[in-house]
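J.: Sequence:
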Amino acid sequence: MLIEGLAKDKNPTIRGECAKGLGLIGPHTFRALVFGLRDSEDSVRNTTAAAIKKNFTPAEVINSFRDKHHQKPAIVCSLREIMNLNYYFAKSTRQFLEEILNHFQDEMSLNKSTTDNN
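Residue 787, in my numbering, is where the sequence shown stops; the numbers in between run on with no holes.
Treat the hints as calculated values from the structure; they're not laboratory data.
Where a beta carbon is used, it is the ideal one built from N, C-alpha and C, also for glycine.
There's no promise every hint is true.
[Claimed, not checked] Label-pair restraints from in silico Cβ distances:
1. ASP736 / SER778: 15 to 23 Å
2. THR682 / LEU779: 14 to 22 Å
3. ALA728 / ASN680: 28 to 36 Å
4. THR726 / ASN680: 26 to 34 Å
5. GLY690 / CYS746: 36 to 44 Å
6. CYS746 / ASP678: 22 to 30 Å
7. SER778 / ASN680: 34 to 42 Å
Given only the sequences and the hints, what does the whole structure look like? Please build it.
T.: Take a look at the structure:
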């Protein structure tokens, strides 16, 4: 319900509260929280960013997706899109997201190189 509320509810307050709830569940909810970072409302984006930074570290997010190779391309694509939007994010939020993005991109490149060499 929290994911659906964050992605689809018309009320920005509800979307923000859903982001807070997802943040409390754990870093494996990061992919769902990315929806909130693309929200059209500043308040939802800010609440989502705060929920992410308050409840996880980049290392926890990375570790949570360690064995979920099929989800990493979607996360990378979403984070690239978010970083290119004209939305304001605090420097610490950008750094947090960039650390995850860079790690997953590097990992995917390494995996591709290994596959290509076999």
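J.: None of the hints should be skipped; say for each whether it holds.
T.: For each hint, the structure was consulted:
As the Cβ distance of ASP736 to SER778 is approximately 18 Å, the hint placing it in 15 to 23 Å holds. At roughly 42 Å, the beta-carbon separation of THR682 and LEU779 lies outside the given 14 to 22 Å, and the hint is violated. The hint said 28 to 36 Å for the Cβ distance between ALA728 and ASN680, and at roughly 34 Å that hint holds. At about 30 Å, the beta-carbon gap between THR726 and ASN680 stays in the expected band of 26 to 34 Å.
One distance hint, 36 to 44 Å for the beta-carbon pair GLY690 and CYS746, is violated here, with the actual separation near 25 Å. Look at CYS746 against ASP678: about 24 Å separates their beta carbons, and that is inside 22 to 30 Å. About 41 Å separates the C-beta atoms of SER778 and ASN680, a value consistent with the hinted range of 34 to 42 Å.
Of the numbered hints stated above, those contradicted by the structure are hints 2, 5, listed in ascending order.
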